[in-house]
Amino acid sequence: MVERGTGSIRAENLRKQFTRPDGETVVALNDVNVTIKAGEFISLIGPSGCGKSTFLRLVAGLARPDGGSLLLDDAPITGPGYDRGLVFQDPTLFPWLTIYDNIAFGLKVRNTYHDKKREVQEFIRLVGLEGFEKAYPHQLSGGMAQRAALARALVNHPKVLLLDEPFGALDAFTRMNMQDELLKIWEERGTTMIMVTHDVDEAIYLSDRIIVMTPRPAKIESIINVEIGRPRSRDLPDFLRLRAKILQILDFAGKREEIQYYL
Amino acid sequence: MSVVVKSVGQTEAANQGITRIRFDFRTLVPTISAVFALLVHLLVPNSPRYTLKPLPYFTITLVAVIVITLALTVLSLFFRRLREKYAFKSWFIGAFLLLLNLLNIATIKLMILPVIYFPNPDRILKVFADDWAFILKCLGYSLRLLATGYIIGALVGMTTGILVGWSKKWSYWVNPLIKIIGPIPSTAWVPIALVSFPTTFTASAFLIALAVWFPTTVLTSSGISNVQNSYFEVSSTLGAKSIHKILKVALPAAAPSIFVGIFNGTGASFITLMTAEMMGVKYGIGWYINWQKDMLSYANVYAGLIVIAVTFSLIITLLFKVRDRILVWQKGVIKW
Numbered sequence: 501m502v503e504r505g506t507g508s509i510r511a512e513n514l515r516k517q518f519t520r521p522d523g524e525t526v527v528a529l530n531d532v533n534v535t536i537k538a539g540e541f542i543s544l545i546g547p548s549g550c551g552k553s554t555f556l557r558l559v560a561g562l563a564r565p566d567g568g569s570l571l572l573d574d575a576p577i578t579g580p581g582y583d584r585g586l587v588f589q590d591p592t593l594f595p596w597l598t599i600y601d602n603i604a605f606g607l608k609v610r611n612t613y614h615d616k617k618r619e620v621q622e623f624i625r626l627v628g629l630e631g632f633e634k635a636y637p638h639q640l641s642g643g644m645a646q647r648a649a650l651a652r653a654l655v656n657h658p659k660v661l662l663l664d665e666p667f668g669a670l671d672a673f674t675r676m677n678m679q680d681e682l683l684k685i686w687e688e689r690g691t692t693m694i695m696v697t698h699d700v701d702e703a704i705y706l707s708d709r710i711i712v713m714t715p716r717p718a719k720i721e722s723i724i725n726v727e728i729g730r731p732r733s734r735d736l737p738d739f740l741r742l743r744a745k746i747l748q749i750l751d752f753a754g755k756r757e758e759i760q761y762y763l
Numbered sequence: 137m138s139v140v141v142k143s144v145g146q147t148e149a150a151n152q153g154i155t156r157i158r159f160d161f162r163t164l165v166p167t168i169s170a171v172f173a174l175l176v177h178l179l180v181p182n183s184p185r186y187t188l189k190p191l192p193y194f195t196i197t198l199v200a201v202i203v204i205t206l207a208l209t210v211l212s213l214f215f216r217r218l219r220e221k222y223a224f225k226s227w228f229i230g231a232f233l234l235l236l237n238l239l240n241i242a243t244i245k246l247m248i249l250p251v252i253y254f255p256n257p258d259r260i261l262k263v264f265a266d267d268w269a270f271i272l273k274c275l276g277y278s279l280r281l282l283a284t285g286y287i288i289g290a291l292v293g294m295t296t297g298i299l300v301g302w303s304k305k306w307s308y309w310v311n312p313l314i315k316i317i318g319p320i321p322s323t324a325w326v327p328i329a330l331v332s333f334p335t336t337f338t339a340s341a342f343l344i345a346l347a348v349w350f351p352t353t354v355l356t357s358s359g360i361s362n363v364q365n366s367y368f369e370v371s372s373t374l375g376a377k378s379i380h381k382i383l384k385v386a387l388p389a390a391a392p393s394i395f396v397g398i399f400n401g402t403g404a405s406f407i408t409l410m411t412a413e414m415m416g417v418k419y420g421i422g423w424y425i426n427w428q429k430d431m432l433s434y435a436n437v438y439a440g441l442i443v444i445a446v447t448f449s450l451i452i453t454l455l456f457k458v459r460d461r462i463l464v465w466q467k468g469v470i471k472w
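Protein chains in written order, with the numbering used here: chain L, 501 to 763; chain V, 137 to 472.
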């Protein structure tokens, strides 16, 4: 069990760039400064090209920063590790493993499966996949596969859970269910959650803070505190006000982008 | 089509596959064809030019076939699954027996085929009756040689494939080698292999290994380099080290491609085995065929061919079973 109070992320002057095949340098993340407290639920929102997925990959350790520093509990992130779980939009379950073996994968490669066998079953129950242990991924619906991917990341008790548009491919009804389940897990375990999303409602419904990002150059436009008591309802006036505000920021950024285009 | 003879129709019985007694006329087709062949064989006189002593083997075989097919027909009355399967296959089995019948007519009854090269079924069956111990011994030699070369080739091929598919350094040094050596048919190495190895057995094992090695290597490495990167990324966020990524992600993800390579290698290994045995290996089923050909004993040649056909097709079937088992996750039909 991860003790509560760990899993804080601090980025200082974080910078990431890519070189395109034609030799031109593209700045994917420019001068990002943000502190995410342990146990916080953060959403990253913004149009494509704003660097939100890049930020997530940097925290996951799948990419190296080109400048600045990125700390997990005050220690620099040097590569991927099981203390930072990752869930993609595509569940990317291993198709050759059963649901049970997919979820047990983390424990098995870390050689802790023998002691923690029981937890696999616990997590299967937590995400409501009892009875599907022996199924293969191609036999599951999109929602069920994403639950399995969630359980696979959670079984390692990560300090931080990174979610890259995890519910983007699900239908509206399944998505709302999954959001509630994610909240339940978060409240129970106190894991720091960093989620990339396109969906403003989803961000407001789930997050403590919303980081709004804009492209060209990719940077943080503003950080919004969501001061609405939980459980939240999607039709409260506060909810709708916040929604309008975020959309306005994004819309403004979009217009500015357009103007730049015409220039 | 099918006639209800008697109804036992209870649901418990239905669940056990014993529904009611039903007769499908197709289940009699093989028997009818066999009886027809037997009648022709017994009633039509042999060609007056056929001077050899008549043999009992074709008659015995046909009687055995009649007994077995009749038993299947009777069992088909009771078991639905067997009935459907047997009825489906019945036309083919009947046609195959008819072909044997025609072969018998063309050889011993009319003698329209050159008698030396096309022995009648009786003479081929006689080879099995007289020579089975020696043929089995030859088969044993062949299988030992095949297994030695095949296992070495497949293991080395998979290892090379993993290294080349996984590491850029290995790919840089080994890939050109694969591209040059690989396409040479392994039988082209016969002259060199025979002088480089101490025994013909080791030389042939090497050639078979080489034949299996190439396709296994190529398809293993291409399978591994085509694995979706996100599988590796996810596995590393789950705590997987390089060794896990190779053995627990790359290898299973590339398994479908590896099997294609192994299947290609199997075909190549059969060709190489036969060539090696016909060119120098003492004993073995290929050697047997070649030797009998030189003695103009074509009945023995056919017997050898039949043994090869059955053995190789069993090996392929076995390989398919192994593949289906390992790639069970690929199929959409598993029930759980």
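The set of hints was computed from the structure by calculation and includes no laboratory data. Keep in mind that this is a model prediction, so the values were computed, not measured. Where a beta carbon is used, it is the ideal one built from N, C-alpha and C, also for glycine. Worth double-checking, as some hints may not be accurate.
[To be verified] Quick list of the computed label-pair ranges, beta carbon to beta carbon:
#: 1; chain 1: V; residue 1: Ile204; chain 2: L; residue 2: Arg610; range: 54 to 60 Å
#: 2; chain 1: V; residue 1: Asn362; chain 2: L; residue 2: Gly549; range: 47 to 53 Å
#: 3; chain 1: L; residue 1: Gly631; chain 2: V; residue 2: Ser303; range: 56 to 62 Å
[Unchecked claim] Simulated pairs of lysine-lysine, BS3-like, Cα-Cα distance not exceeding 27 Å:
#: 4; chain 1: V; residue 1: Lys384; chain 2: L; residue 2: Lys617
#: 5; chain 1: V; residue 1: Lys225; chain 2: L; residue 2: Lys608
#: 6; chain 1: V; residue 1: Lys273; chain 2: L; residue 2: Lys616
#: 7; chain 1: V; residue 1: Lys384; chain 2: L; residue 2: Lys634
[Claimed, not checked] Partner residues are not named here, just some residues of chain V that face chain L (Cβ under 10 Å, in silico):
#: 8; residue: Leu249
#: 9; residue: Gln364
#: 10; residue: Glu369
#: 11; residue: Ser371
#: 12; residue: Gly375
#: 13; residue: Ala376
#: 14; residue: Pro388
#: 15; residue: Tyr434
#: 16; residue: Arg459
#: 17; residue: Ile462
#: 18; residue: Leu463
#: 19; residue: Val464
Hints and how they fare:
The hinted window of 54 to 60 Å between Ile204 (chain V) and Arg610 (chain L) holds, with their beta carbons roughly 58 Å apart. Roughly 28 Å separates the CB atoms of Asn362 (chain V) and Gly549 (chain L), a value that falls outside the hinted 47 to 53 Å. Checked against the given bound of 56 to 62 Å, the beta carbons of Gly631 (chain L) and Ser303 (chain V), roughly 42 Å apart, lie outside it. Taking the CA atoms of Lys384 (chain V) and Lys617 (chain L), the gap is near 19 Å; set against the 27 Å cutoff, the hint holds.
For the suggested pair Lys225 (chain V) and Lys608 (chain L), the alpha carbons sit about 47 Å apart, so the restraint of at most 27 Å is broken. A distance of roughly 54 Å separates the Cα atoms of Lys273 (chain V) and Lys616 (chain L); the hinted pair therefore is violated under the 27 Å criterion. For the proposed pair Lys384 (chain V) and Lys634 (chain L), the alpha carbon gap of about 18 Å is at most 27 Å, so the pair holds. For Leu249 (chain V), the interface hint is violated, since its Cβ never comes within 10 Å of a Cβ in chain L; the closest pair sits about 53 Å apart.
The criterion of a C-beta within 10 Å of any C-beta in chain L is met by Gln364 (chain V), whose closest approach is roughly 8 Å, and the hint holds. Satisfaction of the interface hint for Glu369 (chain V) is found here, the shortest Cβ-Cβ separation to chain L being roughly 5 Å, below the 10 Å cut-off. Here the hint on Ser371 (chain V) is kept, as its CB sits about 7 Å from the closest CB of chain L, short of 10 Å. Hint status for Gly375 (chain V): holds, given a least beta-carbon distance of 3 Å to chain L, under 10 Å.
With 10 Å as the threshold, the beta carbon of Ala376 (chain V) comes within range of chain L, its nearest partner Cβ sitting at about 4 Å, so the hint holds. Interface restraint check for Pro388 (chain V): the shortest CB-CB distance to chain L comes to about 4 Å, inside 10 Å, so the restraint holds. A cut of 10 Å between beta carbons decides the hint on Tyr434 (chain V): the least distance to chain L is about 50 Å, and the hint is violated. For Arg459 (chain V), the interface hint is violated, since its Cβ never comes within 10 Å of a Cβ in chain L; the closest pair sits about 13 Å apart.
Restraint check, Ile462 (chain V) versus chain L: the minimum CB separation of about 9 Å is within 10 Å; hint holds. About 8 Å separates the beta-carbon of Leu463 (chain V) from the nearest beta-carbon of chain L, less than 10 Å, and the hint is met. Restraint check, Val464 (chain V) versus chain L: the minimum CB separation of about 8 Å is within 10 Å; hint holds.
The earlier numbered hints that this structure contradicts are 2, 3, 5, 6, 8, 15 and 16.
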